[in-house]
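Asker: Let's have the full structure, built from the sequences with the hints guiding it.
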Amino acid sequence: MSTPRPSRNHRWTAGFSLPELVASAGLIGVLATVALPMGLNYLPAAQARSGAREIQAVLMQARMVAISTRQSICAQPVAGGYQYLQGNCGGAPWMGPSMNASGVAPVSSNVVASGVAPIFTPFGTASVPSVVSVSYGAQTLTVTVQPSGQVTIP
Numbered sequence: 002m003s004t005p006r007p008s009r010n011h012r013w014t015a016g017f018s019l020p021e022l023v024a025s026a027g028l029i030g031v032l033a034t035v036a037l038p039m040g041l042n043y044l045p046a047a048q049a050r051s052g053a054r055e056i057q058a059v060l061m062q063a064r065m066v067a068i069s070t071r072q073s074i075c076a077q078p079v080a081g082g083y084q085y086l087q088g089n090c091g092g093a094p095w096m097g098p099s100m101n102a103s104g105v106a107p108v109s110s111n112v113v114a115s116g117v118a119p120i121f122t123p124f125g126t127a128s129v130p131s132v133v134s135v136s137y138g139a140q141t142l143t144v145t146v147q148p149s150g151q152v153t154i155p
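If you count the sequence shown from 1, position 58 lands on 59 in my numbering, and the numbers rise without skipping.
Think of the hints as simulated: they come from the structure by calculation, not from any bench.
Quick reminder that beta carbons are idealized off the backbone N, C-alpha and C, glycines included.
Careful, some of the hints might be misleading.
FRET-style restraints, in silico, Cβ to Cβ [unchecked claim]: (1) Ile154 <-> Thr70: 34 to 44 angstroms; (2) Ser69 <-> Gly138: 34 to 44 angstroms; (3) Ala36 <-> Gly97: 41 to 51 angstroms.
Answerer: Written as C-alpha cells, this is what we have:
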C-alpha cells in the first residue's frame, strides 16, 4: 500500500498576516503610552507608603517593648532607623533581638522621617503623642501616634 502524497498546490494558512501584526504592534504602542505615565507616578507613592508602613511597624514594636519591659520607651529617630531609649528620651538604648550592633531598629526604605519622638508608657499608651512625616521625593505621608498608643497611617 502506498500513502497519498500531499498536493503541491497546498497553501500555508498558519500564522498572522502583515496587517494583523502592524495593528497589534500599534495597539501595544498606544497602551504603553497610556500606562507608562501612570506607572511612573505610582512608584514614588508606593515607596512612600512602604516607608510609612515600615515606620509604623517600628513604632508599634517600641510600644510592645515598653509593655513587655514595664518601662517607658522613647522611639528616637536616628540615621538609618529608630533607637529605643529607656525612660523619657534620656536613658540608655534598649538592646534587643531586632536591633543592630548600634542599638538601632533599622528602617530599610529610602524615606526621610521627621517629627517628635513618641514616648510609650509601660501600659502601652503614648505620654507624648506625635505625628511623624514620612517623605519620599515629592510624596509625603504621616504616621500618627495617638494618646491611646495606637499607631496609624491616616
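Asker: Run every hint past the structure and note whether it holds.
Answerer: Okay, the hints, checked on the actual structure:
no.: 1; hint: Ile154 <-> Thr70: 34 to 44 angstroms; verdict: violated (26 angstroms)
no.: 2; hint: Ser69 <-> Gly138: 34 to 44 angstroms; verdict: holds (36 angstroms)
no.: 3; hint: Ala36 <-> Gly97: 41 to 51 angstroms; verdict: holds (44 angstroms)
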